[in-house]
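Sequences listed follow chains F and S, in order. Residue numbering for the first sequence follows UniProt numbering, starting at 1 and increasing by one per position. Residue numbering for the second sequence follows UniProt numbering, starting at 1 and increasing by one per position.
What the hints contain is simulated information worked out from the structure, not anything from laboratory work. Wrong hints could be hidden among the right ones.
A pair holds if it fits inside one copy or across any two, identical chains being indistinguishable in the list.
[Said to hold, decoys possible] Here are the simulated SDA-like cross-link-like pairs (lysine to any residue), alpha carbons at most 25 Å apart as the crow flies:
hint, residue 1, residue 2
1, K22, P12
2, K22, T109
3, K22, W72
4, K22, Q69
5, K22, S11
6, K22, V73
7, K22, C107
8, K22, P10
9, K22, D94
10, K22, R60
2 protein chains.
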Amino acid sequence: MGVMTRTPPPSPLDPAIAARLKRSTDGLVPAIAQQYDTGEVLMLGWMNDEALHRTLTTGRCTYWSRSRQEYWVKGDTSGHVQHVKSVALDCDADTVLVKVDQVGAACHTGARTCFDADVIKSAVSGEDAASAEDAGSDVPPLGQ
Amino acid sequence: MGVMTRTPPPSPLDPAIAARLKRSTDGLVPAIAQQYDTGEVLMLGWMNDEALHRTLTTGRCTYWSRSRQEYWVKGDTSGHVQHVKSVALDCDADTVLVKVDQVGAACHTGARTCFDADVIKSAVSGEDAASAEDAGSDVPPLGQ
Chain F
1 MGVMTRTPPP SPLDPAIAAR LKRSTDGLVP AIAQQYDTGE VLMLGWMNDE
51 ALHRTLTTGR CTYWSRSRQE YWVKGDTSGH VQHVKSVALD CDADTVLVKV
101 DQVGAACHTG ARTCFDADVI KSAVSGEDAA SAEDAGSDVP PLGQ
Chain S
1 MGVMTRTPPP SPLDPAIAAR LKRSTDGLVP AIAQQYDTGE VLMLGWMNDE
51 ALHRTLTTGR CTYWSRSRQE YWVKGDTSGH VQHVKSVALD CDADTVLVKV
101 DQVGAACHTG ARTCFDADVI KSAVSGEDAA SAEDAGSDVP PLGQ
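Using the sequences provided together with the hints, build the complete structure.
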């Protein structure tokens, strides 16, 4: 594994995509995984060119682990794989949205999504009310 | 505007949240904006402690613009505001999911979401088929 530089490593990623991808200084872009049919936002991971290439060509969501500094095929150890349904770049080409079919839990905690457990504010009546904490009750909402 | 450092700037953000927030080296966390009722992923922005605090306390989604190096209250110039419905951290506390009620278009291009225009792969039958390009047809899907 080489030292990460600002120049993307050589990758077989489609040059037309590589040319417009806008990477952070660490060569990565955030990748949002969304359950394709329910719309649940499952998790956010990071991709370099090679991870995006593998995601596009293998049908399995593949990330770059910043903590382990290695490729991470989601589900390879847990069985909780993400089958890729579609991949889109955003308008600035600096974020990836991957619609997937998630097998089992997306989160390593066993929760369906990585955003289930830590709701810090909820103003949706009836939604998340049980786990909501009001983090700013002293300031009234503006413009509502 | 001071120089960005790895130490988060003083902010009235709830200390209990600030203590567990894991920021990138630029002091930011990615923030996913999702339409609360339809589940559409609208855009991804960036928040520092103060932007998260403002998002939690004003009811309006507020980001830190990396390009302009300034706070950005979504919709202040376009009118396309995001009314905050709920805010959650992920399991690692390094990503924010904000469920919002988006007025009008989330994207500066006028598209409803920032991910509408640039679908680079679609394998969802009937979905996005018109704009799909097959970016990796030479490699068959694995494990499907």
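Hints the structure fails to honour: Failing hints: none at all.
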